[in-house]
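> Protein chains in written order, with our numbering: chain B, 431 to 787; chain Y, 739 to 907.
Treat the hints loosely; a few may be bogus.
Below, in silico cross-link-like pairs of lysine-lysine (DSSO-like), each with a Cα-Cα straight-line distance of 30 Å or less [unchecked claim]:
1. K475(B) / K709(B)
2. K475(B) / K806(Y)
3. K745(Y) / K558(B)
4. K806(Y) / K745(Y)
5. K480(B) / K713(B)
6. K742(B) / K587(B)
7. K653(B) / K635(B)
8. K587(B) / K702(B)
9. K458(B) / K786(Y)
No lab work stands behind these hints: they were computed from the structure. Source: prediction; values computed, not measured.
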Amino acid sequence: MSMLVPFGPQHPVLPEPLQLRLELNDEKVVSAVPVVGYVHRGLEKLAEQKDFIQDTFLIERVCGICSFMHSMAYSMGIEELMGIQVPDRARYLRVVWAELHRMHSHLLALGLLADAFGFENLFYTIWKIREEIMDAMECTTGARVMLGSCCIGGVRKDISAEQAKFVLEKLNNFEKMFKRSSEVLMGDYSVKERLVGVGVIDGKKAYELGAVGPSLRGSGIAKDHRMTGYAAYGELGFEPVVEKDGDCYARTMVRVRELYQSMTLVREALAKLPEGELKTPFKGNPSGEAAVRVEQPRGEVLYYLRGNGTDKLDRLRIRTPTFANIAPLLTMLVGCNLPDVAVIILSIDPCISCTER
Amino acid sequence: MSKAISKSPWVVHFNCNSCNGCDIEFLACLTPTYDVERFGVLHVGNPKHADVLVVTGSVNLRNRHVLKNVYDQMPDPKVVVAMGICPATGGIFADCYNVVGGVGSVIPVDVHVPGCPPRPEAMIDGIIEAVGILEKKRAGLAVDPPLLPVKTVKGPAPAPAPQEASEKN
Chain B
431 MSMLVPFGPQ HPVLPEPLQL RLELNDEKVV SAVPVVGYVH RGLEKLAEQK
481 DFIQDTFLIE RVCGICSFMH SMAYSMGIEE LMGIQVPDRA RYLRVVWAEL
531 HRMHSHLLAL GLLADAFGFE NLFYTIWKIR EEIMDAMECT TGARVMLGSC
581 CIGGVRKDIS AEQAKFVLEK LNNFEKMFKR SSEVLMGDYS VKERLVGVGV
631 IDGKKAYELG AVGPSLRGSG IAKDHRMTGY AAYGELGFEP VVEKDGDCYA
681 RTMVRVRELY QSMTLVREAL AKLPEGELKT PFKGNPSGEA AVRVEQPRGE
731 VLYYLRGNGT DKLDRLRIRT PTFANIAPLL TMLVGCNLPD VAVIILSIDP
781 CISCTER
Chain Y
739 MSKAISKSPW VVHFNCNSCN GCDIEFLACL TPTYDVERFG VLHVGNPKHA
789 DVLVVTGSVN LRNRHVLKNV YDQMPDPKVV VAMGICPATG GIFADCYNVV
839 GGVGSVIPVD VHVPGCPPRP EAMIDGIIEA VGILEKKRAG LAVDPPLLPV
889 KTVKGPAPAP APQEASEKN
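Build out the structure end to end from the sequences listed, making use of the hints.
Below, the structure written as structure tokens:
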């Protein structure tokens, strides 16, 4: 005999309102149906009403966690429509801020995951480490969350030699502090007990259902949009991080290893930072169509833009990574126990405000 | 009992229609660097346990019932803290078709913390102010209406100030 249990929208482990209607057979989940729309604002429509330069700051507020990458993807789209060449220094600075954002997002996700399986000490420790990254962002842009440093044609702020030194210092602190936490995440008995073999999805199935980001790379498929070398990734020796087990533990390990990789990328980008302009001036309005993809902490985001030669866009469409990860999530949930539901949901690191916009 | 509430207010957080920016900053307040627990603030998941409701984001057509529900379940006396500019006026999303307006259109708000997102220090200030209001409410004293950080964008327009005109005449 099965019964229907609503999970959310206001649930202690979920930082955001998402409802899952779980069909349970005793403690086993038989099926799950997502119910969304609690944080839908109608941002895509609003973007058509504002002009395309104002949109850069509106788009940043699609999601507060990967805000810089949203504005970067949007700017790349407009640059493609208008044929703007971004200066080298701006491309490198974009990588620095994007990777800092990835680091803070992954730390946030790992902390929340630790909280979901009841390891409160680890949650607090990881969030304490995250403050090092927040300090680095605040020092370089003046803001902790909404950086506002990306604009069409380049970036609005520069990183001076002094600031770069501060960022590197913070990264050293991060490395030292995270080493201990990553040992706990990788080897601790209680962490493994909750994560290994939970929410398994094989690579083929994940690919078919359109999983992106750590959810896909955790299942053994090396797909990362940074491999295509947008911004300055092509010049920085990037290799995707892959784990093959496809369970919650593998997805967590992808995030842990990506944190170290992002740290290396920031260091490399700051070391190679070329001199030059920050921004290419431009004139006119966008026209035509463009589709841009950027690898966010949760996976690949797709921006579709259509301009009509006026200062307002005809259409802006955003396919966010969590939207792509919801179908694989429903597959992962089938057959798990009710207490594991929270852990599985947080293992894909859902971002509902992106998904519903 | 009164001392227990003002020395250790329990906080429930509701993400109304937020972009996450304020939520992660509010969560950062709870963690060791900012540590609101030194003021006795405890983050709980159940509205029936809570004295303070922290709301982030504006209200949309779907979640206003949920917000009202969460608010109604909280025992009296209770205080509402609106974090960020969205719960005050709708913020950057005020013109979106699905956004009804600020949180004030559904439930009474006691403290507004402006910013997009506010800094954790400002959020802590907001919670501390809420504790003062909670004490006042408990003692049955009158509470001042909150200062709105900016002019309302949606909803009833603020009444024009007639004093200035009369002074000129």
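> All hints, please: hold or fail.
We went through each hint and held it up to the structure:
no.: 1; hint: K475(B) / K709(B); verdict: holds, 28 Å
no.: 2; hint: K475(B) / K806(Y); verdict: holds, 27 Å
no.: 3; hint: K745(Y) / K558(B); verdict: holds, 25 Å
no.: 4; hint: K806(Y) / K745(Y); verdict: holds, 27 Å
no.: 5; hint: K480(B) / K713(B); verdict: holds, 18 Å
no.: 6; hint: K742(B) / K587(B); verdict: holds, 25 Å
no.: 7; hint: K653(B) / K635(B); verdict: holds, 14 Å
no.: 8; hint: K587(B) / K702(B); verdict: holds, 18 Å
no.: 9; hint: K458(B) / K786(Y); verdict: holds, 29 Å
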